[in-house]
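Asker: Residue-level listing of the chains:
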Amino acid sequence: MGLLVAQLLTGLANAAALFLVASGLSLIFGVTRIVNFAHGSFYMLGAYFGVSLMDHLTGGFGFWTSIVLAGLIVGLIGVVVEILVLRPIYRAPELFQLVATFGVILVIQDLTLMIWGAEDQMGPRAPGLKSVVRIMGEPVPQYDLALIAITPFILFALWWLISRTRVGILVRAATQDREMVGALGVNQSWLFTGVFFLGSTLAGLGGAIQLPKGGADLLMDLNIISAVFVVVVIGGMGSILGAFVASVLISVLNVFGVAYIPQSTLVLMYVVMAVVLLVRPYGLFGREEKAGEHGQVGEPDRPIRPAGTLGKSLVALLIAVLALVPLYGGNFTQVLITDILIFCLFAASLQFMLSVGGLVSFGHAAYFGGGAYAAALLVTYADTPMELAFLFAPLAAGLLAIVFGWFCIRLSGVYFAMLTLAFSQLVWSLVFQWYDVTGGDDGLVNIWPAAWLSGTTAYYYFTLIVGIGGIILLRHITHAPFGYALRATRDSARQAEATGINVKLVQWTAFATAGAMAGLAGGLFVFSKGSVFPNELEISKSFDALIVVFLGGVKTLSGGVVGAAFMESVKDWLTRLEYWRLILGLLIIFVVIIAPEGIVGTLRKAAERVGLRRTEEFMR
Amino acid sequence: MKQFRKLVAAATMLAAAAAPSFAADTIKIGEINHYKRLAAFAEPYKKGIELAVEEINGAGGVLGKPLEFIFRDDNGKPGDAVKIAEELMTRDGAVMLTGTILSNIGLAISSLAGEKGYIYLAAEPLADALVWQSGNPYTFRLRTSTYVQAAMLAEEAAKTDAIRYATIAPNYAYGTAAVEAFKENLKKLKPEVEFVTEQWPALFKIDAGAEVQALEAAKPDAIYNVTFGTDLQKFVREGTTRGLFDGRKVYGLLTGEPEYLDPLADEAPEGWFVTGYPWYGFTEGPAKEFVDAYIAAYPDETPKIGSLVGYMTAKSIAAALDKAGSTETDAILAAFEDLTVDTPMGEIVYRGLDNQSTMGAYVGTTALKDGKGVMVDWEYKNPVSYMPSDDEIKAMRPAE
Numbered sequence: 001m002g003l004l005v006a007q008l009l010t011g012l013a014n015a016a017a018l019f020l021v022a023s024g025l026s027l028i029f030g031v032t033r034i035v036n037f038a039h040g041s042f043y044m045l046g047a048y049f050g051v052s053l054m055d056h057l058t059g060g061f062g063f064w065t066s067i068v069l070a071g072l073i074v075g076l077i078g079v080v081v082e083i084l085v086l087r088p089i090y091r092a093p094e095l096f097q098l099v100a101t102f103g104v105i106l107v108i109q110d111l112t113l114m115i116w117g118a119e120d121q122m123g124p125r126a127p128g129l130k131s132v133v134r135i136m137g138e139p140v141p142q143y144d145l146a147l148i149a150i151t152p153f154i155l156f157a158l159w160w161l162i163s164r165t166r167v168g169i170l171v172r173a174a175t176q177d178r179e180m181v182g183a184l185g186v187n188q189s190w191l192f193t194g195v196f197f198l199g200s201t202l203a204g205l206g207g208a209i210q211l212p213k214g215g216a217d218l219l220m221d222l223n224i225i226s227a228v229f230v231v232v233v234i235g236g237m238g239s240i241l242g243a244f245v246a247s248v249l250i251s252v253l254n255v256f257g258v259a260y261i262p263q264s265t266l267v268l269m270y271v272v273m274a275v276v277l278l279v280r281p282y283g284l285f286g287r288e289e290k291a292g293e294h295g296q297v298g299e300p301d302r303p304i305r306p307a308g309t310l311g312k313s314l315v316a317l318l319i320a321v322l323a324l325v326p327l328y329g330g331n332f333t334q335v336l337i338t339d340i341l342i343f344c345l346f347a348a349s350l351q352f353m354l355s356v357g358g359l360v361s362f363g364h365a366a367y368f369g370g371g372a373y374a375a376a377l378l379v380t381y382a383d384t385p386m387e388l389a390f391l392f393a394p395l396a397a398g399l400l401a402i403v404f405g406w407f408c409i410r411l412s413g414v415y416f417a418m419l420t421l422a423f424s425q426l427v428w429s430l431v432f433q434w435y436d437v438t439g440g441d442d443g444l445v446n447i448w449p450a451a452w453l454s455g456t457t458a459y460y461y462f463t464l465i466v467g468i469g470g471i472i473l474l475r476h477i478t479h480a481p482f483g484y485a486l487r488a489t490r491d492s493a494r495q496a497e498a499t500g501i502n503v504k505l506v507q508w509t510a511f512a513t514a515g516a517m518a519g520l521a522g523g524l525f526v527f528s529k530g531s532v533f534p535n536e537l538e539i540s541k542s543f544d545a546l547i548v549v550f551l552g553g554v555k556t557l558s559g560g561v562v563g564a565a566f567m568e569s570v571k572d573w574l575t576r577l578e579y580w581r582l583i584l585g586l587l588i589i590f591v592v593i594i595a596p597e598g599i600v601g602t603l604r605k606a607a608e609r610v611g612l613r614r615t616e617e618f619m620r
Numbered sequence: 001m002k003q004f005r006k007l008v009a010a011a012t013m014l015a016a017a018a019a020p021s022f023a024a025d026t027i028k029i030g031e032i033n034h035y036k037r038l039a040a041f042a043e044p045y046k047k048g049i050e051l052a053v054e055e056i057n058g059a060g061g062v063l064g065k066p067l068e069f070i071f072r073d074d075n076g077k078p079g080d081a082v083k084i085a086e087e088l089m090t091r092d093g094a095v096m097l098t099g100t101i102l103s104n105i106g107l108a109i110s111s112l113a114g115e116k117g118y119i120y121l122a123a124e125p126l127a128d129a130l131v132w133q134s135g136n137p138y139t140f141r142l143r144t145s146t147y148v149q150a151a152m153l154a155e156e157a158a159k160t161d162a163i164r165y166a167t168i169a170p171n172y173a174y175g176t177a178a179v180e181a182f183k184e185n186l187k188k189l190k191p192e193v194e195f196v197t198e199q200w201p202a203l204f205k206i207d208a209g210a211e212v213q214a215l216e217a218a219k220p221d222a223i224y225n226v227t228f229g230t231d232l233q234k235f236v237r238e239g240t241t242r243g244l245f246d247g248r249k250v251y252g253l254l255t256g257e258p259e260y261l262d263p264l265a266d267e268a269p270e271g272w273f274v275t276g277y278p279w280y281g282f283t284e285g286p287a288k289e290f291v292d293a294y295i296a297a298y299p300d301e302t303p304k305i306g307s308l309v310g311y312m313t314a315k316s317i318a319a320a321l322d323k324a325g326s327t328e329t330d331a332i333l334a335a336f337e338d339l340t341v342d343t344p345m346g347e348i349v350y351r352g353l354d355n356q357s358t359m360g361a362y363v364g365t366t367a368l369k370d371g372k373g374v375m376v377d378w379e380y381k382n383p384v385s386y387m388p389s390d391d392e393i394k395a396m397r398p399a400e
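If you read the sequences in order, they're chains P and Y. Under UniProt numbering, the letters of the first sequence match residues 1 to 620, in that order. Under UniProt numbering, the letters of the second sequence match residues 1 to 400, in that order.
FYI, nobody ran anything at the bench for these hints, they're computed from the structure. Mixed in with the good hints, there may be bad ones.
Derived DSBU-like pairs (lysine-lysine); straight-line CA-CA distance at most 30 Å [as the list claims (entries may be wrong)]:
hint : chain 1 : residue 1 : chain 2 : residue 2
1    : Y       : K369      : P       : K130
2    : Y       : K205      : Y       : K288
3    : Y       : K187      : Y       : K381
4    : Y       : K188      : Y       : K249
5    : P       : K571      : Y       : K47
6    : P       : K555      : P       : K605
7    : Y       : K116      : Y       : K159
8    : Y       : K47       : Y       : K372
9    : P       : K555      : P       : K312
10   : Y       : K205      : P       : K130
11   : Y       : K116      : Y       : K46
12   : Y       : K381      : Y       : K188
13   : Y       : K205      : P       : K571
14   : Y       : K394      : Y       : K183
15   : Y       : K288      : Y       : K323
16   : Y       : K372      : P       : K130
The shape of chain Y in the complex, shown without the other chains (with noise of 0.2 Å):
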């Protein structure tokens, strides 16, 4: 019995050891992403936070103290990405939840801070039913819909005449849900349009010389892409090399972003019709500013949305601080309650109906620029005009 007691007793020491003494100094935000599995596309995100919070702090920090980012990497792994959750928000005394790129870990995330009551800012995931199908009133999404912007590409299309359609999109929630979207928005404005195929190769490995194949065979008028990453790069050579691309009008998703185009160099498609983030091409207001202090503070590399989303992440999340004037959890789920944030995109609203933010999306044309891939004729749209009904979100979110 005695040997137990001590046993206990430096158990005890032990635990009170390991657990960080909580420092009441700064104001911590919990952060979680794929650092290893998408290095790619976290690292510009991080930077984009990292250089927030510099000018947040360097402005007096929030409420008086300084805000602290604690980054951690989940492998890609939803499950791990839990338990880092609970670590972040109970051992070492974060306020709030943020991150992630991959939908599914988004999901979990999110409801993990629905059962538990933790405040989760999901920055990247593209899963629209985060803040719909599976929403709940404490995940709120910062990325414009995926719902939003297959919707302005739909509209794009409507124009033309085309009306045979081809779409081709990885498969898993991410694309299905884009191609749904841009099917049901073309043909509420075109109830003509027929789709001829779709194809749906695995994510990350597509065999893009039969996707081709298949999607010539269906001679389509135009076709829609979801593809990214690797699986577009070979999309697009296979594409290009077999003339799949000649003679039709694609629209893609997200294909403008740099993440995307930038990998592809001399190589990027023309005359797609995609939505992206044109950063070489503004010239003034807050936008402009925003290329030029990331370009100052990493003078190696160029923006990529990833940039701008990491670096709006950071700015909502201590306008919701602010707003809220505590950490406590009630104050900062009601400060975020149509709470307005001033980016470079301009003033966005994190919507009291579904916690979706009106982060908006840039349109336009792809074109060879230097032996680059760039987006020309360009314009911001703002998403509130594309977004489902009020009725049609309250139908979709579950009852709180």
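Same shape as in the complex, but just chain P (with noise of 0.2 Å):
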């Protein structure tokens, strides 16, 4: 019985940090409709600057106000970001915004390991809180109590401050329908600083108060991201009430996960929030998403239609230059564009479901590497011939997506996109925790592929020919009339289902379409790699898709595979210099807010201005 109690209460103690920082995000989601990813990085923030304060500030009060400093700091760099990086892309689709702030979350890594060095940071202990308390016999930290004791008093606080303030009233009329708000004369702008200032303050405190029980370190934005997400989700997002309820249930549960399930302490996690989403598809004490966006944002979407004999020779072109590159080029220039040709086909079937059916996944990894450790653990479990293994990745990939893409297509927006990172996020924690099958974090290693295709060159053809063809056949249904389907679910799903259009089953298709080429291009991964491990199914992976897709531009067809060569090749160029990190951020952020249209829609335009090509009929 003392030992329950104590684990509880480690539980709720745990549940303070988290709680602070999800609700900090979920305010800002709630109000601006921005998923802040760059919310892990000002929690870090506050961690670091809450320990060089605490070395100047000593003593109990030194140590609180270090704390209070720390979010105020971290607050304001969240108003800094906001102002630069946000306020100019507001009326942008949502998804830049998302975008932009993965920029935010790269410039930040760097900007901390120039100022703090690399060196881990121990946190101090709370002075006057070091020693332990024995509740029933068993010891409970001070400290803890100290945590267990504030939390609540700040959702008390967050809650009189939304339910009895002016701003408060501002902050939830924004919350229901913010153009209403704009149209009775509030200045949006700076109530969007303001509840962005608040949200950053409670992830600079959380990353404050949690010193005691950790350190700094430059790892923690994104270990603490992904359960800052699981327990927005699990409360709703955009509730306060929701984020204390889901960071106590999350905190709670893991620690008895800890004691009972000690290898399955992730999964259980993700389980959880699978479970939740599936019962309560808007979270516990989230609202339904009304429609968010009110069709299209900013620019209406171009008619498609077929390359002309134009794109169509240059591509061609392309594609002979491409087969003769073994010819001309050296091994590693082979070896370069086959990693460039396998994200291409990865950033294509990506692309395929977002901006042909308007289905944004954040969790895209999961089929990719999903295929990958299908043919992987085919081969190193049952010997599997490599051909064989080959095209079951593709086929894995796509009943994963079956599977999964049943449970999110019925769920729409940010509410979507959550339930796919949740089910990416399981995935991955499987693969990672299910040591005696996957190999957990030290991977499936020796799958090289079959004796004639073991040469760079054979293998460079390989994946020329199965790569392109796949971008081609993604490129061939988007024009075939079930693209078509696609589209008109994606521009209006009422319009398209009074039409007689199956708007679920055309969307759940696209989903398992998405996922097989997905798969197919983990395929091609892991037999050019001849390994495979669970970063290949991490959230920056999904990510990675994503900011190709819109680099390339997400209003056009090639705007992934262009993303994604440009984006490959610069890395290779990048990731040689000390902080690639900084520029790759800026250059994010740079394109986010210069050229919204991607590289494929800024040249577009600019080859109309200048007369290159014809402008479309609708647009005149």
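Dock the two chains into a complex; use the hints.
Answerer: Next comes the structure, spelled out in structure tokens:
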């Protein structure tokens, strides 16, 4: 009994930092509709500032002052980010802001490394709260009790702010209908900035307040972000109370998970999330999403048509040049282009569901990595010939997508995206923790192609044929009747339904197709590298694909491929530099702000302006 | 068609310009590591290599040419590492590969090495699979094997009267292997021990309070710790606060290495029996000479185990090249067979049996001195007697 109580208390104490960060994220999302992936970075900054401040301010008063100051500093940084990065793109589609926040993550990571160095910083212990209290015979750290006391206080303060003050009324109004609030004469910009300040401050506080239990290190931004998303999604996006209940739930579950199923703690969290979303798609306290964006934001989509003669011959020329690479390029050039082609196919598969289908997936890596793992598992355990295992990759990924897709397509917008993220994290945690089968972090190695494909050049041609074949197939589907139906569901689900299109079935098929093609890319990947590891299933892999689709141009057909080719080539050069993440982050932010149409979209516009290309008729 | 030919010509020229001129005046070694992802560990390692290279080149280099390391960052991604390995070998003209700390990347490069016939000296990866279950003729490994270090701790543990053991280890291959080796060796020496609980926090995501409670609940006599880095800091703090270590013997794998002990500062645990690197305790011999040389070269720093590994890596490569007499893969491969190298730890041998070096380990007890964790009563142990038998190793290694 005593142990049970002690465990419960540990869970409650752990919930404190999680709640602070999650409530900030939830607030920001509720009002601005921005899924702020950089929120973990604010948490990390809070920890670093906290450590530095605590070096100078000593004693109990100094300790708590440092925490508050760290929160405020991070809040101000949040304001800077909001004004410089997000304000220029509020009118852009929601997902642009998401990509921009990913750029912010990269920038903050490198800046933190520059300022504080690589060494992990250990947080000081709270003065006066260093020992334990015996509760029913079990030792409970005093600081844990302090955290448990602080959390409801902050919850209450937030509740008071939201429901009892004028600011709170505005925030609630903006959460429900921000356009109406704007129409009523409220200056939205400053409201957004204010909310961003509050949300970032909470994240900073969370980072500083956990210092006595942890410290500050460079991995903590991405380490917390997935847990925070789980909390926000379970609690309901935009709900403070939901964030509180969910952080307590997750933390307590985790403590008991550690005690009773110590090897599956990560899996547990994502299973809970998936189950909650299945039963209550909008989270425990969330409200149903009113069609977030009315129709299309920004310029209308252009009608698409198959490439003309010029386009086709250019592509043919490019393929011919690629086919001749082994004649003049070195071994490494082929390796590099193989990598690029694989990534292009992966990006094209995401673009197919994202641009053509309007289905924004945050977890596309699950199918890429899923395909790679499926093939690798067959080779490892059944000694399957490479050719067969390779065919199995798209098949298995497609099957996975069919299963997950069935659940996901019942939702739309951000909740759809979140559920795809939950499923991909579930796959990742399974692979990561099911050590006996998947090899966990040590992955599966020695997955090499059959003898006839084992040379670099042979595999290069194989990738060229399969990769470009896959991309062309996806393009072909886009122009086929199915592609038209899919676009109809994207542009207006209701009208599509009325014309007799089975919207959900079409979306489901598109989901599965995209998954299978991602799996094909995964299959190519695993045999080119000879090994596969859980990082191919990580969030950042999904983000890589999202970023290149945006970089290339969401509202284009070839954006994913062009973006991927551009990004992989640039990265190959960029990663040789010391602070390449800073540069890459700035590049992403720059593209999002200056050229939101991406590379292809911007080029197309430029071509129209100088008269190289006819302007679309509907735009005149 | 004319246009097409022009394009090909242009592309050819571009490729030719991009390919670096193969300067034949240095011998290049490709070094891949996680300079960003694990900067705190990779930097001392790099400094160790640079110190050794300076010494080697100061003494005339190898085979009459200066030795040069090309350092590349893989961002902690195995896929990137494989690509970079290809680039180093086929474009940059490296004669062999070395590097990596993370086991998974070591395994990825080793697999590539076996497939393509590149020589790879795995410097720091901890996974024993590199030379055993997934071993191949082209992969060599310098760092003391995890199995051996665990066996050294087990030997010490068997001397006490503790029966009930608890283990805590990160839930990935290195952690599982370390726990398995400890259990196997301890049971061999003392069959009556029982393992009452095993904790497996996810790497760098430890929930220390909950872990400490779970360990406490099992009421063990002794604890075997494999956590490191930030996980170790959190574990030690929660464990100390909650009195987990009171009256219990703790055995810590790698806990005594400066990389992990230094960040703990005055909270470093006392009385743990650990493997590590007590550079501050050397008074004479090559071990001391290395420490002095390192501090002379980098006055703002103290040596880490990574510095030593980096130094020994470069020395091993130089020795192999000297013995080979050429930079041909076959010659280097033959040279590595039972290669002996003089190092700060004394003479080590790359065993022909499994390509593992006989680098040993320092074991000792942790203590606090001037507000810092140190190892006391330490000694250097030769690994050979702790290795599994030759037959066991042969059975583990894939047929060649």
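Asker: Hints first: check each against the structure and report whether it holds.
Answerer: Now for the hints, and whether the structure bears them out:
1. Y/K369 <-> P/K130: holds (21 Å)
2. Y/K205 <-> Y/K288: violated (37 Å)
3. Y/K187 <-> Y/K381: Between Y/K187 and Y/K381 the Cα gap is close to 21 Å, so the pair holds against 30 Å.
4. Y/K188 <-> Y/K249: holds (20 Å)
5. P/K571 <-> Y/K47: holds (26 Å)
6. P/K555 <-> P/K605: Given pair P/K555, P/K605 holds - Cα atoms ~12 Å apart, limit 30 Å.
7. Y/K116 <-> Y/K159: violated (47 Å)
8. Y/K47 <-> Y/K372: holds (23 Å)
9. P/K555 <-> P/K312: holds (20 Å)
10. Y/K205 <-> P/K130: With a Cα-Cα distance of about 23 Å, the restraint between Y/K205 and P/K130 holds, given a limit of 30 Å.
11. Y/K116 <-> Y/K46: holds (26 Å)
12. Y/K381 <-> Y/K188: holds (20 Å)
13. Y/K205 <-> P/K571: holds (29 Å)
14. Y/K394 <-> Y/K183: holds (22 Å)
15. Y/K288 <-> Y/K323: holds (27 Å)
16. Y/K372 <-> P/K130: Within the cut-off at roughly 19 Å; holds.
Violation of the numbered hints given earlier is confined to hints 2 and 7; the remaining hints are satisfied by the structure.
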